[in-house]
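Asker: The lines below spell out each chain.
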Amino acid sequence: MIEVQHLTKRYGPFTAVDDVSFKVERGEILGFLGPNGAGKTTTMRVLTGYMPPTDGKALVAGYDVTEQPLEAKRRTGYLPETPPLYPEMTVSEYLMFCSRIKGVPRGDRKARVANAMERTRVADMAKRPCGQLSKGYRQRVGLAQALLHNPDVLILDEPTAGLDPKQILETRRLIKELGGDHTIILSTHILPEVSQTCQRVVIINKGRVVAVDTPDNLTAKLRGSEAMYVEIDASGGNAQPVLASLSGVTQVSETSTRAGQVAFEVQSAQGRDVRRDIAAAIVRQGWGLLELRPMRMSLEEIFLSLTTEDVAGAPAEGGHE
Amino acid sequence: MNNILAIANKELRGYFASPIAYIVIGLFALAYGYFFYALVLYFERTTMQMAGMGAGASANVNEQLISPAFQNTMVVFLFILPMVTMRTYAEEKRSGTIELLLTAPLTDFQIIMGKFLGAMALFASMLAVTLIHIGILFAIGNPEPLPILTSYIGMLLMGGCFIAVGLLISSMTRNQIVAGMVTFIVFLMLWVIDWIALFVNPTASAVLNYLSFTQHLSDFMRGVIDTKHVVYYLSFIAFGLFLTARSVDTERWRG
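Sequence lines, in order, name chains A and B.
The opening residue of the first sequence carries number 15 in this note's numbering; numbering runs sequentially from there.
The opening residue of the second sequence carries number 119 in this note's numbering; numbering runs sequentially from there.
There could be a bad hint or two in this list.
Quick list of simulated restraints, FRET-style, between CB atoms [stated by the list, open to error]:
| no. | chain 1 | residue 1 | chain 2 | residue 2 | range |
| --- | --- | --- | --- | --- | --- |
| 1 | A | Ala128 | B | Trp313 | 25 to 35 Å |
| 2 | A | Ala137 | B | Tyr328 | 57 to 67 Å |
| 3 | B | Leu123 | A | Ala137 | 36 to 46 Å |
| 4 | A | Ile204 | B | Asn293 | 44 to 54 Å |
| 5 | B | Ala356 | A | Thr80 | 21 to 31 Å |
| 6 | A | Arg142 | B | Leu123 | 21 to 31 Å |
| 7 | A | Ser35 | B | Trp371 | 58 to 68 Å |
| 8 | B | Val304 | A | Thr80 | 27 to 37 Å |
In case anyone wonders, no lab produced these hints; they're calculated from the structure.
Source: prediction; values computed, not measured.
C-beta: ideal position from N, C-alpha, C; glycine also.
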């Protein structure tokens, strides 16, 4: 449904997004995780056709966003970081206007607006000028605007920012509901949010994709559930069952094979250190143990670097996000 | 077309929902009322003098009252229209609503035309205030209708030029005050650009005269629609809107 290929966006000498590629399948909810200034908003702006990429391309619902922008835009609903509301319009006037420019047929507009207001729970504010709404309502009216034309693709830039805990839960539930019919990309810098709503996560930092995985795998790794990188010179023997039979080992997956050297990713129950057992088993088989190291560190480091930069990088984010 | 009208309608409602429309129309009515009153006093004295000379001639309402009144109208617009156009793009960029427009299935042309027509509609409603005074003149006097009609066409075209320039300048900044000031100065320069025409070489003089807003209006005031002037105004508007489109596009690349 969404395909991003080698996307690069430069602002003068500054590279905001650097060779980013990923795919989102129909009906999938993809989380876009990263600190402020990582390039989340820029990537989303390219996907919505707000700005053209410097290099690479992006396809939404099969349409290239730079070559067939109108077709792509007709199938995209977008909630920018700041909800784009006109302060002097009332909520229902605003949504009527949005449905008109999004090409909703005249006869359907009232029904679509009512439906969007109901889904986002803003109907009680229909007659209120947008300028007088609280942050939570603004965010939800922005979301209602994105849903109006029933788009295939929803792109939500920090949809839960500024909401109170109850509204956050409601919004997450709504996003999950929408997930079946719509393909959704949402950005956030809150890890639990991703694990609760998204089926897959792209972690982006300094404009580059640093990890793509399911939230379960990701949190498992981040939590430090013990994943081990083991490289063995097995010389003909099949090491996988040997490793899998060790007590405490939950999963063994082969990651690469090269000239008799096999690399595995060994996962074990949390809190169990299986390194000694692995080493002993390999020695017992007479194989060569080439490398054995815990994998969590690298991902943990990635995330640590992400979150620490979140604080340090905040003042420098400037006008690009 | 529906998209253009949607934007135009939104723009116009934006003017009337905020105090802007009421302030500009009110202030315009006040200023124009004063100008008109002053001109009526002058006209009255001229008529008296001519009658006193007993030449049998009488002053011409069109030439000596309506035409000067319209000239002054455009001077008032010189001050007011920057306040109308300054927010068009600058405000949308500042508040982020430009993201809504640029990610909706609209072309840049539709957005620009919508904004242009919205501002034109406000301008036309200000101009409509002057119909009151013209109506009174028709009620008590006997002015020629044709020059009045052509004057309105000329003023609408000239206002279109002002608005096209105003949109362009507003699209280049996110600060309304900057947009307003720059627009005002540009209008003023285009207004007085022919003042030095007498003192420069003939070619430059012709160019300056051609560029001046005012030179092209006088024929309309006399009841003449000359294609040359219509072409000048329309091409000015088209060029202004074209540059606005380029400016919006550049902004996209820059982010």
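Asker: Confirm or reject each hint.
Answerer: Each hint tested on the structure:
no. : hint                            : in the structure
1   : A:Ala128 / B:Trp313: 25 to 35 Å : 60 Å, violated
2   : A:Ala137 / B:Tyr328: 57 to 67 Å : 58 Å, holds
3   : B:Leu123 / A:Ala137: 36 to 46 Å : 28 Å, violated
4   : A:Ile204 / B:Asn293: 44 to 54 Å : 34 Å, violated
5   : B:Ala356 / A:Thr80: 21 to 31 Å  : 26 Å, holds
6   : A:Arg142 / B:Leu123: 21 to 31 Å : 26 Å, holds
7   : A:Ser35 / B:Trp371: 58 to 68 Å  : 22 Å, violated
8   : B:Val304 / A:Thr80: 27 to 37 Å  : 33 Å, holds
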